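Engineer: Read off the chains here:
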Amino acid sequence: MSGKEPVLEIKDFSVDYGLGDEGVQAVRDVTLTLHRGEVLGLAGESGSGKSTLAYGVTRLLPPPGVISGGEVIYHPPGGDPYDVMSLTNAELRAFRWAETSIVFQGAMNSLNPVHKVSTQMLDVIKAHEPDLSPEARIARAKDMLKLVGISADRMDAYPHQLSGGMRQRVMIGMALVLEPQIVIMDEPTTALDVVMQRQILAQLVELRERLGFSVLFITHDLSLLVEFSDRIAIMYGGRIVEEAKSADLYKDSLHPYSEGLLKSFPALRGPRKELAGIPGSPPDLRGMPTGCSFHPRCPHAFDRCSEEVPLLGIPSARNDPSRSVACWLPGRVPVG
Amino acid sequence: MKFLLQRVAFYLFTAWAALTINFFIPRLIPGDPVTSLINKYQGQISTEAIQSLYVLFGLDKDASLWSQYVDYWGQVFRGDLGLSFTFFPTPVADVLNQSLPWTIALVGLTTLASFAIGTGLGILAGWRRGSWLDGLLPVTTFLSSIPYFWLGLLAITLLAGPDSIFPSSGGYEPGLVPSWDGAFIGSAIQHSLLPAITILISSVSGWILSMRNMMVTVASEDYITVAHAKGLPEKRVMMSYAARNALLPNVSGFALSLGFIVGGTLLVEIVFSYPGIGYNLFQAVGSKDYPLMQGVFLVITLSVLVANLIADVAYLLLDPRTRKEG
Chain A
1 MSGKEPVLEI KDFSVDYGLG DEGVQAVRDV TLTLHRGEVL GLAGESGSGK STLAYGVTRL
61 LPPPGVISGG EVIYHPPGGD PYDVMSLTNA ELRAFRWAET SIVFQGAMNS LNPVHKVSTQ
121 MLDVIKAHEP DLSPEARIAR AKDMLKLVGI SADRMDAYPH QLSGGMRQRV MIGMALVLEP
181 QIVIMDEPTT ALDVVMQRQI LAQLVELRER LGFSVLFITH DLSLLVEFSD RIAIMYGGRI
241 VEEAKSADLY KDSLHPYSEG LLKSFPALRG PRKELAGIPG SPPDLRGMPT GCSFHPRCPH
301 AFDRCSEEVP LLGIPSARND PSRSVACWLP GRVPVG
Chain B
1 MKFLLQRVAF YLFTAWAALT INFFIPRLIP GDPVTSLINK YQGQISTEAI QSLYVLFGLD
61 KDASLWSQYV DYWGQVFRGD LGLSFTFFPT PVADVLNQSL PWTIALVGLT TLASFAIGTG
121 LGILAGWRRG SWLDGLLPVT TFLSSIPYFW LGLLAITLLA GPDSIFPSSG GYEPGLVPSW
181 DGAFIGSAIQ HSLLPAITIL ISSVSGWILS MRNMMVTVAS EDYITVAHAK GLPEKRVMMS
241 YAARNALLPN VSGFALSLGF IVGGTLLVEI VFSYPGIGYN LFQAVGSKDY PLMQGVFLVI
301 TLSVLVANLI ADVAYLLLDP RTRKEG
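Protein chains in written order, with UniProt numbering: chain A, 1 to 336; chain B, 1 to 326.
Note that these hints are calculated values from the structure, not bench results. One or more hints might be untrue.
[As the list claims (entries may be wrong)] Dumping the calculated DSS-like pairs for lysine-lysine here, alpha-carbon to alpha-carbon at most 27 Å:
| no. | chain 1 | residue 1 | chain 2 | residue 2 |
| --- | --- | --- | --- | --- |
| 1 | A | K126 | A | K116 |
| 2 | A | K126 | B | K235 |
| 3 | A | K273 | A | K263 |
| 4 | A | K126 | A | K142 |
| 5 | A | K146 | A | K116 |
| 6 | A | K263 | A | K251 |
| 7 | A | K116 | B | K2 |
| 8 | B | K235 | A | K116 |
| 9 | A | K11 | A | K245 |
Owing to the predicted nature of the structure, the values given are computational and were not obtained by experimental measurement.
Throw the hints in and build the complete structure from the sequences for me.
Structural biologist: The following block contains the structure:
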């Protein structure tokens, strides 16, 4: 399914909140590649910087968020790649939604309460494809709603007349209406119940097969990712600490933090195991620990962990280029 | 539709209650209109005249309170509000007919302008938070904190005078006859400039401030971020997404202020001796002119009620969440 061709390359990306001495680094030197047609999961605790990363790459950060470094290279299909960070405002507006759309976590508040669903679907088509006739726009919007399981007569509904699940479906439909290459999903199902989560995710997978977009899926629910993403990146304290294929990560996680996350939800089958959480709490961004930021909570920490920051690299013991980890434990240190 | 009918019924009930109170208040005040008229003319009225006055005011017969009340309603529906003492023997209805257009033109237009300017500036100040527009806020807040009568007197002292283009009092040049010709309208506009500007100065900052604050609140809503992410033009996000939602509280404030156009103009019209309804009230209070006061109160009550109804309807139109289906 997932080709090796990249569609979005995030390189050495950093985001600060605030400037100067007051500022805190929320995302540090993140390098991540999203390939065409794949679902890349991004998991981590609250405050690990995953949402900030998503807002950052689309340049939607509200102040005081500042992108302090890095590039985001977008590869349009059949075109020359370009850096999203260097787009002008007009170019950026054209890039947004047409190439990269976003489904936000607040299913309830993502729709403008005073406009009909149709108005909100049509204005995005109008903004990006002004030459399309009004009838064609309406037809496109209706088709897309049907695709996400909303009947076309709901076009004239106001957001408050829809249930939470329907609203999120509308948002997903809206995100796909311009057939973007990338859909960023920032905890899209957090506000919904488990049954609705299932339905929406199953539909998403189906839609992806039909339309062929790539998904950057952000969640704190690792069990969800294991099930339906191709690759998973784990974030901690603003850095990516491990990246691997979902199955590899689930069976054989290398970073102690990923291990902790995996142990904190129960498996459906297999022997009963005691759930072990991760002791301690996420690091304070204003006073990050020296060295590996996870070392105060890590059961395997040793001297070197508090002194040097481990870099993300291919673990020496696995010799598998599809995975990388940032840890000083023996066998995980990058070769060379 | 059902909701609208319910509101209309509610306001009709309120109007009935207000008019009933309006009926009882003068009757609770010691003395009667004729006595105060006699006092006004200090014994220069003959006994026959006094008797005919009692007949005129309907106080000659020992009519029961109930039949007076029924008569009162009949009069209200005929637009007969009795005779004014101050402008005796002009009927109150005529006095109000003459003064109401002045008040509505001056204060109505100024309120509209103040709302439009204030809301517009508020939208910009809220949207471009931290720009030079924020510097506007302390200035306008300072201006609006000046007591209105003082601002008016200051404006007259500093700007009006024999050599200035601003007349200090009145609604038009004394020699002119009110009509729809250029000279009269020009004079009326010239006379209304100073009161209008002072009203504008003292009221605009309220609109700026509340609109700016709502814009700031709304700007952090998720749907604004979504609108940005959708790549919509900046102007569309600002107007159709942010301002459209931020406007809601301001609109109900505006509709309520429409109600005060009639009632809240006392100071303006006293300071500028403007021939509006507030000035009427001032004169009526000065000369114990009960029928005129009653008439003014009636007009104020009705305009507040109508403004409330407008607010309800406007909210219904602007916010789909308040609409009930079916």
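Engineer: For every hint, state whether the structure bears it out.
Structural biologist: Do the hints match the structure? See the list:
Under the criterion of a C-alpha separation no larger than 27 Å, the hint pairing K126(A) with K116(A) is consistent with the structure, at around 15 Å. In summary, the hint linking K126(A) to K235(B) is supported, as the alpha carbons are separated by about 14 Å, within the 27 Å threshold. Annotation: proposed proximity of K273(A) to K263(A) holds, straight-line Cα distance about 9 Å (limit 27 Å). With a C-alpha separation of about 15 Å, the suggested pairing of K126(A) with K142(A) holds against the 27 Å cut-off.
With a C-alpha separation of about 17 Å, the suggested pairing of K146(A) with K116(A) holds against the 27 Å cut-off. Restraint check: the Cα-Cα separation between K263(A) and K251(A) comes to about 11 Å, which is no more than 27 Å; the hinted pair holds. For the suggested pair K116(A) and K2(B), the alpha carbons sit about 22 Å apart, so the restraint of at most 27 Å is met. A threshold of 27 Å between alpha carbons decides the hint, and for K235(B) with K116(A) the separation of about 19 Å falls inside it, so the pair holds.
Pair hint K11(A) plus K245(A) holds up; C-alpha atoms about 20 Å apart against a cutoff of 27 Å.
Of the numbered hints listed earlier, not one is contradicted by the structure.
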